[in-house]
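Peer 1: Chain by chain, the residues run as shown.
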Amino acid sequence: MAHDEQYEDADEETDAVAADPAEDGNRSIWKQRGRRFATGLNVSVSVLLAAMLALMVNYIAYRYYARWDVSASHFYRLSDRSRSLIASLKTDVEVLVFLRKGYDRDLYDDSRNLLKEYDYEAARAKPQRLHIEFVDPDRDLARTRDLKQKYEITDDNVVIVSSGGRTKFVEAKEIMEYERRLTLNARPPRKIAFHGEQVFSSAIQSVIQERRPVVYFLTGHGERSIQDFNEQSGYSGIARDLRRDNMDVRTLQLAERRGMPEDGSVLIIPGPTRRLSSAEVDMVARYLDKSGRLLLLVDPGVVTGLERLMEDWGVRLGRHTVVGYTYTGRDLIVLEYGHHAITRNLAGIACSFTQPRLIESTAAATAPRAAPDQPRVSILAANTAEGWAEADPNQNPPRYDPAVDKRGPVPVAVAVEKGLVKSIDMELKPTRLVVMGDGYFVSNGSLASAVGGNVDFFMNAVNWLTEREVLLSVGPRIPGELRLNMTSREARRATAIIVGGFAAAAAALGFLVWMSRRR
Amino acid sequence: MRNFLTLWRRELTSTFLSPIAYVTLVVFLAVSGGTFMMGVFNNAGRSQPLSNLLFASIILWMTLLISVVSMRLFAEEKRTGTLETLMTAPVTETQVVLGKYAGALAFLLIVAAPAVGQVGVLAYLSPGITLETLDLGALAGGCAILVLVIGFFTAIGLLVSLMTRNQIVAAVCTFCAVWLALLAGHILSAIPAGTGRIPDYLSVVGHIEDFSRGQLDTRPVVLYVTGTALLLYASVRVLESRRWK
Chain A
1 MAHDEQYEDA DEETDAVAAD PAEDGNRSIW KQRGRRFATG LNVSVSVLLA AMLALMVNYI
61 AYRYYARWDV SASHFYRLSD RSRSLIASLK TDVEVLVFLR KGYDRDLYDD SRNLLKEYDY
121 EAARAKPQRL HIEFVDPDRD LARTRDLKQK YEITDDNVVI VSSGGRTKFV EAKEIMEYER
181 RLTLNARPPR KIAFHGEQVF SSAIQSVIQE RRPVVYFLTG HGERSIQDFN EQSGYSGIAR
241 DLRRDNMDVR TLQLAERRGM PEDGSVLIIP GPTRRLSSAE VDMVARYLDK SGRLLLLVDP
301 GVVTGLERLM EDWGVRLGRH TVVGYTYTGR DLIVLEYGHH AITRNLAGIA CSFTQPRLIE
361 STAAATAPRA APDQPRVSIL AANTAEGWAE ADPNQNPPRY DPAVDKRGPV PVAVAVEKGL
421 VKSIDMELKP TRLVVMGDGY FVSNGSLASA VGGNVDFFMN AVNWLTEREV LLSVGPRIPG
481 ELRLNMTSRE ARRATAIIVG GFAAAAAALG FLVWMSRRR
Chain C
1 MRNFLTLWRR ELTSTFLSPI AYVTLVVFLA VSGGTFMMGV FNNAGRSQPL SNLLFASIIL
61 WMTLLISVVS MRLFAEEKRT GTLETLMTAP VTETQVVLGK YAGALAFLLI VAAPAVGQVG
121 VLAYLSPGIT LETLDLGALA GGCAILVLVI GFFTAIGLLV SLMTRNQIVA AVCTFCAVWL
181 ALLAGHILSA IPAGTGRIPD YLSVVGHIED FSRGQLDTRP VVLYVTGTAL LLYASVRVLE
241 SRRWK
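Residue numbers (this note's numbering), protein chains in the order written: chain A, 1 to 519; chain C, 1 to 245.
Take the hints with a grain of salt, since some may be wrong.
Unchecked claim - Residues from chain C that keep clear of chain A, each with C-beta distances beyond 10 angstroms, as calculated:
1) Val26
2) Lys78
3) Arg79
4) Thr82
5) Thr85
6) Pro114
7) Leu125
8) Ile129
9) Thr164
10) Ile168
11) Leu182
12) Gly185
13) Ala190
14) Gln215
15) Leu230
Stated by the list, open to error - Footprint (simulated), chain A over chain C, 3 or more residues, beta carbon under 8 angstroms:
16) 10-19
17) 36-45
18) 116-123
19) 138-149
20) 217-229
Read the hints as simulated data drawn from the structure, not as lab findings. Where a beta carbon is used, it is the ideal one built from N, C-alpha and C, also for glycine.
Produce the complete structure using the sequences and hints provided.
Peer 2: Laid out in structure tokens, this is it:
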């Protein structure tokens, strides 16, 4: 009995021992699963927290960032003028960019890259006043529809700049200039110039200005005409540039209007070939006396009737023709300029004057301490000491004759200011004049063939006369071209070297390593 | 530090002693050079910067190379069982991850260097392009973004390799992940309005274009550095979790 009880107990113990491994196994599996789950959860949570930290760091980097242009061409670098314009904005300006990528890939990329720089400068200004939005007409369909209705857009390739209810449209054709030529095969037109910064900055300036300057071109005395599209003599090109710079350009017949219109900001007399009447000269004189602004371009050998008036303003229209460094024998190349707001940004930029007239100043007008009520003449451009003022324009080639000629440097362009008075209570607007001895200076032929500084010089002068020194002219960027200048044979050889040569060198290296390992 | 350097050297040596490295090097240099020259001839007469064409062709084929190089980082060791042996050595998971990452990155940069040098050879052979007219600033910018992007993609490949023991699976998944990262900006920009500036911020293609034009920006630098750091941290945590499972 006791033995049976002992075996019964042993059986019970055996049953108990036999049941434990299964339980232990189950418990072990669940423990393992639990540990895996906990480990997985631990890893996930820690990675998630690290991801949130990375996200925060990126958000801060997105808000506060810096950009540098280390390229050699600085193609997209904004000029100081544009940067100061953006920094000086007092009202919000919206820029909507509707450019279709498929229309012109280069235009799209260049515009977008340039506007990124505007965006960066805008973000640096506190508070940010310039807001740029890129709208893809192919993707943002709803937004495109809304904006088309709002702005009555008919063209998908346009940049719209708006501020305070004023809107300026910049069309694609204004941004990029292409060479127009007939070809036998359908090759894409060549890019000549990228005007992006000029048109975008001008557009921003135009919408923040309450009033656009009105520029009047005098007519009736054989002046060069803004309606003349002649390739050589016409002034249509510079008129277009003035309009692009947000100015209203009109013609003026003094005899008809009997004076300068009230809304006129600047009077330009572009190379008259006949005398103004004494009544017209009096009108110009009265205009100048009332803080007028005049840009006079005179050719040599022409009697304009304005000679006396100019002397009253400290400027003498000389009879000599100025000669000096030249490309063609007929032009005068100027590389160094006087110290003036007009020429401040022209350092290193060449201007070309075609057989320019000597423009001198009277001694009193260039005195360093001229009183504010006296005209102050500043020399803008002159030839060098190696040049001279030639008395005989028919002499070919010109030779210096000390008896009649004047040794250089002698001026060809001057600026005059009189009457600037600043006090605590008020500021009187001064009279400003710019006189250049070349009527061909910004004609269509000159713009097409001359060096690039002429337009900048002229536009700077007009902007100074209209007191828009904040934004002076910004020259176009000339896109560089990828040119190999290789024959087909040379191209094939270069391809073979670059594709095959490097690969062969790597294969040889691998072979050497393999051989050394075998040994 | 010594463990890290040892692991790095070991990884680099094993890579360069492997015949696969040279096969991939030869193929990469040939196809990237061919793509570059094709881009040059197609864009002759246009204003496309040379550095843009160069770095675009390198990145294009580098995605394939990164997939091939990173697939064997951990997947092979897991398959052969040598990972466990490695983990028994007195090294931390961080040192292992960083050592393998540095080894792979060094190999990829050594492969990319002659590819960058192709533009110098072209400048030497072409009368129209001289060493003086080469935009060295743009080239330097392109090299900088190349290092950042390769570093980021390699970190992706390393993490993917850690997740599987099959090299082919690792290679394919890395390839897909890298191209997803490359095209993230384009994909997001296809979503109608609502994403704001995020597509631009994430656009790898946009970053390469900007830097290889000489326009340097701190935002992509922060993006790639933090992204790489995050992926490496995740790799370390995944490797650590093996110990506890």
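Peer 1: Compare the structure with each hint and give your call.
Peer 2: Hint check:
For Val26/C, the shortest C-beta to C-beta distance to chain A comes to about 5 angstroms, within the 10 angstroms cut-off, and the non-interface label is violated. Interface exclusion of Lys78/C from chain A stands, the closest Cβ pair being 17 angstroms apart, more than 10 angstroms. With a minimum CB-CB distance of about 21 angstroms to chain A, Arg79/C clears the 10 angstroms threshold, and the non-interface call stands. Taking the minimum C-beta to C-beta distance to chain A, about 20 angstroms, the non-interface status of Thr82/C holds against the 10 angstroms cut.
Every C-beta of chain A lies more than 10 angstroms from that of Thr85/C, the closest at about 22 angstroms, which supports listing it as non-interface. The beta carbon of Pro114/C is not kept farther than 10 angstroms from every beta carbon of chain A, the shortest such distance being approximately 5 angstroms. Against the 10 angstroms criterion, Leu125/C falls within the reach of chain A, whose nearest CB is about 4 angstroms from its own CB. The beta carbon of Ile129/C is not kept farther than 10 angstroms from every beta carbon of chain A, the shortest such distance being approximately 7 angstroms.
Every Cβ of chain A is farther than 10 angstroms from the Cβ of Thr164/C; the closest lies at roughly 16 angstroms, confirming the non-interface assignment. With a minimum CB-CB distance of about 23 angstroms to chain A, Ile168/C clears the 10 angstroms threshold, and the non-interface call stands. No beta-carbon of chain A comes within 10 angstroms of the beta-carbon of Leu182/C; the shortest separation is about 18 angstroms. Residue-level check passed: Gly185/C sits 13 angstroms from the nearest beta carbon of chain A, beyond 10 angstroms.
A beta-carbon of chain A comes within 10 angstroms of the beta-carbon of Ala190/C; the shortest separation is about 6 angstroms. Listed as a non-interface residue, Gln215/C fails to keep its Cβ farther than 10 angstroms from every Cβ of chain A; the least gap is roughly 6 angstroms. The claim that Leu230/C lies off the interface is violated: its Cβ sits roughly 5 angstroms from the closest Cβ of chain A, which falls inside the 10 angstroms cut-off. Check on the segment 10-19 of chain C: 3 of its residues sit with their Cβ under 8 angstroms from a Cβ of chain A, so the three-residue criterion for coverage holds.
Under a criterion of three residues with beta carbons nearer than 8 angstroms to beta carbons of chain A, the stated coverage of the segment 36-45 of chain C is upheld, 7 such residues being counted. Residues of the segment 116-123 of chain C with a Cβ under 8 angstroms from some Cβ of chain A number 4, which satisfies the need for three, so the listed coverage holds. Look at the segment 138-149 of chain C against chain A: 3 of its residues bring a Cβ nearer than 8 angstroms to a Cβ of that chain, three or more, so the hint holds. Look at the segment 217-229 of chain C against chain A: 8 of its residues bring a Cβ nearer than 8 angstroms to a Cβ of that chain, three or more, so the hint holds.
Hints 1, 6, 7, 8, 13, 14 and 15 from the list above are not met by this structure, while the remaining hints are.
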